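> Listed here are the chains, written in short residue letters.
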Amino acid sequence: MLNCENTKELLWAYCEGSLDSETSGRVKRHIAACASCAREHRAMAATLGGLKNLERIEPSDDFLGRVWQRIDEREAARGFLGLGIFLGWLRANRTVVVAGGLAFVMALVGVRYGLDGSRPPGAPGVHVAGERESAAPAGMRAESDYRDDYILRDIPETTPVVSGFDAGSQDTIETRFITRDVVPSVPYANEYIQPVVQPVADDGSAF
Amino acid sequence: MTRSGGEDSPHKKQLSDEELMLLTGQGDRGAFDEIVRRYSSRMVNVAYKMTGDRDLAEDVAQETFYRAYRSAATYKQIAKFSTWLYTIAINLCRNELRRRKHKFYSLEEMAERDEEAGVRVNIEDEKAKPDRDVEQRELGRLIMQAIDKLPEKFRQPLVLRDVEGLSYEETGEILNLPEGTVKSRINRARQRVKEMIEPYIDTSFIEGN
Chain A
1 MLNCENTKEL LWAYCEGSLD SETSGRVKRH IAACASCARE HRAMAATLGG
51 LKNLERIEPS DDFLGRVWQR IDEREAARGF LGLGIFLGWL RANRTVVVAG
101 GLAFVMALVG VRYGLDGSRP PGAPGVHVAG ERESAAPAGM RAESDYRDDY
151 ILRDIPETTP VVSGFDAGSQ DTIETRFITR DVVPSVPYAN EYIQPVVQPV
201 ADDGSAF
Chain B
1 MTRSGGEDSP HKKQLSDEEL MLLTGQGDRG AFDEIVRRYS SRMVNVAYKM
51 TGDRDLAEDV AQETFYRAYR SAATYKQIAK FSTWLYTIAI NLCRNELRRR
101 KHKFYSLEEM AERDEEAGVR VNIEDEKAKP DRDVEQRELG RLIMQAIDKL
151 PEKFRQPLVL RDVEGLSYEE TGEILNLPEG TVKSRINRAR QRVKEMIEPY
201 IDTSFIEGN
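First to last, the protein sequences are chains A and B. Mapping the first sequence onto the working numbering, position 54 (from 1) lands on 54, and the numbers just tick up by one. Mapping the second sequence onto the working numbering, position 142 (from 1) lands on 142, and the numbers just tick up by one.
Incorrect hints may have been included.
[Said to hold, decoys possible] Cross-link-like lysine-lysine pairs, in silico, DSSO-like; alpha carbons within 27 Å at most:
1) A/K8 / B/K149
2) B/K76 / A/K8
3) A/K52 / B/K76
4) B/K153 / B/K13
5) B/K183 / A/K52
6) B/K149 / A/K52
7) B/K13 / A/K8
8) B/K80 / B/K13
9) A/K28 / A/K52
10) A/K28 / B/K76
11) B/K183 / B/K149
12) B/K183 / B/K153
13) B/K80 / B/K149
14) B/K149 / B/K76
15) A/K52 / A/K8
16) B/K183 / A/K8
17) A/K28 / A/K8
Rather than coming from a laboratory, the hints here were simulated on the basis of the structure. Note that the structure is predicted; figures quoted are calculated from it, not measured.
Here chain B stands alone, though its shape is the one from the complex (with noise of 0.2 Å):
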C-alpha cells in the first residue's frame, strides 16, 4: 500500500505517464503516486533553481500536483506529460515570485539560511571532501548567484535548458516561445553567466575543464 491508500502495483512503473494520469482520473490513487514519484524530484528542483527558496520550491511542486490531480479526470494529451506539468510548475513560480517580490531574499541568502538550516553541506563536510569537490561546489554557488540576478525572462530558460535538460523545442513549448527567441535568450543567458564567474574562476580551473 502507499501513503495515498492506492495499490502499489509494480506494473504501474511500467506505465507511460499519459497511461498513468489516465487511471488518475479514473480514481486509481496509486497511479497518482508513481507520477509524484517520477517527477518529485525534477519539479521540486527546477522551482528551487527560479526562486531560490527551498521552502518555496516544495510549497510550488506540491502545488504543481496538485493541479495535475485536479486536471487528470479531464487529460487529454495535447502535449508531452513533462512538458505540461513543467508548465505548471513555471507559471506556478511566477505568480509566487510576484506575489512575494517584497519578501523575496536574493540566492545567496538562502544558501546561507539553507546552510544553517543544514539542509546543504556544511563547511565541515566540505573539507573533508576531495579539492576538486570543493572546487565544484564553489563553482556551484557562483553560479546559483549568477542565475539569481538574471532577469527572469533569461532565467527561465537558461534553467530548463542548460540545468534541467530540456530540448530546445520543449523549453519553446513550456514558456510558449518560438525556438530561435528561445536559442537567443539561452545563448545570452550563458553569456551573462559566464561573464559573472568568470573573475572568480581559477584559470587552472578552467584549463581543467
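Chain A with its partners taken away, still in its complex shape (with noise of 0.2 Å):
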C-alpha cells in the first residue's frame, strides 16, 4: 500500500487519468482510506477543473475582417518598404557609401593592371635614370614599375622577326627587332620595336 508522500506525488497525474490502472487503483485505495490524501486529491482536481473549465471569450465579429485589412495593409505596405528602407539606408550613410564607391573603383583599377602586369598610362617610366642604373650588372639593366622602383632585368636577346622590303620604289631595307620574350600589348608595343635601318644595294640584296 501507498503511504501518504508517495500518494502525494502521483495525485496531479491520477488527476489527469495519465498513471496506468495498477498504480491508479492503488492511488484510488490509499484515497478511500486516507482523509488528509483525499482532501488533497478534491483541490487538485477543483483546480485542474477551473483550469479546463475558465470562461472562453469569443474572437470580435470582425475578426476575419480586420485579419485581411491588417494583411492587405501590411502587403501594400512592405512594396514601399524596401524602397524605403534603401533610400533611407544612403541618405544616413553617405559617407560610407562615397567612401565606398571610391574603394571600388580603385580595386578596379588595380585588378586590371595587376593581373595583365601591365602599367596604367602615366605610370613611373621603366628605366631607371642616373648611378643606379649604371649600376646594373653587365647584361642586365635597372627598371621601375608601378609596383618596385628599382628592378634587375637581364637583356633579352633579339632576333630579326619582320622584314619588309619594297623592291620597286625603295633603297632601304628597314628591320624590325622584337623582344624574344616579351609578347607586346597593343598600347606599348612601340617601346619594344627599334627600327633599323640598313643599306641595300641595287639587286636589293643587303650589305
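Combine both chains into one complex, guided by the hints.
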C-alpha cells in the first residue's frame, strides 16, 4: 500500500488519468482510506477542473475582416518598405557610400593592371635614371614600375622577326627587332620595337 | 463569397490545415479564411490567458494570422500546423508583454475593465443563474488571478496544457523545452494555483467536485 508521500507525488497524474491501471488502483485505495490525501485530491481535481473550464472569450464579430485588413495594409506597405529602407540607409550613410564607391573604383583599376602586369598610362617610367641605372650588372638593366622602383632584368637577346622590302621604290630595308620573351601588348608595343635602317644594294641584297 | 473575396467552398472544411496553407500560398484567400475560422477562438483565448488583456489578445491573434499568411508561400510542414501557430502566438505574447511591461494591468484589473465594457456576463445576469454557475464563475475568477500571479515560465506551460488542452509533447515543442521540464513546471504551476485558490474555496464546493 502507498504511503501519503508517495500518493501525493502521484496525485496530479491520477487526477489527469495518466497513470497505468495498477498504480491508479493503488492511489484510489489509499485515498479511500486517508482523509488528508482525499482532501488534497479534491483540491487538485477542483484546480484542474477550474483551469479546464475557464471562461472562454469569443473573437470580435469582425475578426476575420480585421485580419484581412491587416494583411492587405501590411502587404501594400511592404512594397514601399524595401525601397524606403534602401533610400533611408543611403541617406544615413552618405560618407560610407562615397568612400565605398571610391574604394571600388580603385580596386577595379588595381585588378585591371595587376592581373596582366602592365602599367597604367602615366605610371613611372621603365628605366631607372642616374647612378642606379649604371650600377646594374653587365647583361642586366635597371627598371622600375608601379610596384617596385628598382628591378634588375636580363637584357633579352633579340632576333629579327619582321623583314619588309619594297624592291620597286625603296633602296633600304627596314628590319624590326622584337624582344624574344615579351609579347607586346597593344598600347606599349612601340617601346619594344626598334627600327634599324640598313643600306641595300641596287639588286636589293643587304651589304 | 467570404470577406476576403475568396470562394467559400464547402470542401475546404474537409481539407487539412496543411492543405489549406498550401492553397493559401498559391493565392487562395478562401483557404486562409478557413484557417482563421478554425483557429481564431483558440488564438484569442490563449493570448487572453497569457496577457489578461482582451484588446491585446485580439491584436496578438490578428498578428499571429498575419505572420502565418506571410509565411504561407514558403510554408513547409516541419511541425503540426496548430503547434506552429501556437508558437507564433506565444512568442508574440511574450514580446508584447515585455514591451508593455510598464503599462501592464493585472488580470483582476482587466476583468473589471471587461465587465465595465460588458464583455463578461454582468452581476445581474449572474444572480439569475443557479448557485452552481456562480460558484464556477467565482472559481474561474480566482484561477485567473492565480494565473496572473505566476511567473511567465510557469504560466505558459500551464495555459497550453491545462487551459488549451494540448499534450505535454506539443507544449514542449511550442516552448522549446524537454518534456520532463514541461511536466515539472506544470506541476509546480498547478501547485501554486491550488495553494492560491484553496483558502477561498468552500469545502462543500470542493466536496462537490
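> Take the hints in turn and mark each one as holding or not.
Here is how each hint holds up against the structure:
For the hint pairing A/K8 with B/K149, the CA-to-CA distance comes to about 24 Å; that is within 27 Å, so the pair holds. Taking the CA atoms of B/K76 and A/K8, the gap is about 44 Å. The hint is violated against a cut of 27 Å. For the hint linking A/K52 to B/K76, the alpha-carbon distance of about 32 Å lies beyond 27 Å, and the restraint is violated. This hinted pair does not check out: B/K153 and B/K13 have alpha carbons roughly 36 Å apart, beyond 27 Å.
For the hint linking B/K183 to A/K52, the alpha-carbon distance of about 17 Å falls within 27 Å, and the restraint holds. Among the hinted pairs, B/K149 with A/K52 is consistent with the structure: their alpha-carbon atoms are about 18 Å apart, no more than 27 Å. For the suggested pair B/K13 and A/K8, the alpha carbons sit about 45 Å apart, so the restraint of at most 27 Å is broken. Between B/K80 and B/K13, the direct Cα distance comes to roughly 18 Å. Compliance with the 27 Å bound is thereby established for this hinted pair.
Between A/K28 and A/K52, the direct Cα distance comes to roughly 22 Å. Compliance with the 27 Å bound is thereby established for this hinted pair. Of the pairs offered as hints, the one joining A/K28 and B/K76 is violated, with about 46 Å between alpha carbons and a cut-off of 27 Å exceeded. The straight-line distance between the Cα atoms of B/K183 and B/K149 is roughly 19 Å, inside the 27 Å bound, and the hint therefore holds. The suggested pairing of B/K183 with B/K153 holds, with an alpha-carbon distance near 12 Å, which does not exceed 27 Å.
About 31 Å separates the Cα atoms of B/K80 and B/K149, which puts this hinted pair outside 27 Å; it is violated. A C-alpha spacing of about 37 Å is found between B/K149 and B/K76, which places the hinted pair above 27 Å, so the restraint is violated. A hinted pair counts as satisfied when its Cα atoms are at most 27 Å apart, and A/K52 with A/K8 qualifies at roughly 21 Å. With a C-alpha separation of about 15 Å, the suggested pair B/K183 and A/K8 falls inside the 27 Å cut-off, and the hint holds.
For the proposed pair A/K28 and A/K8, the alpha carbon gap of about 12 Å is at most 27 Å, so the pair holds.
Hints 2, 3, 4, 7, 10, 13 and 14 from the list above are not met by this structure, while the remaining hints are.
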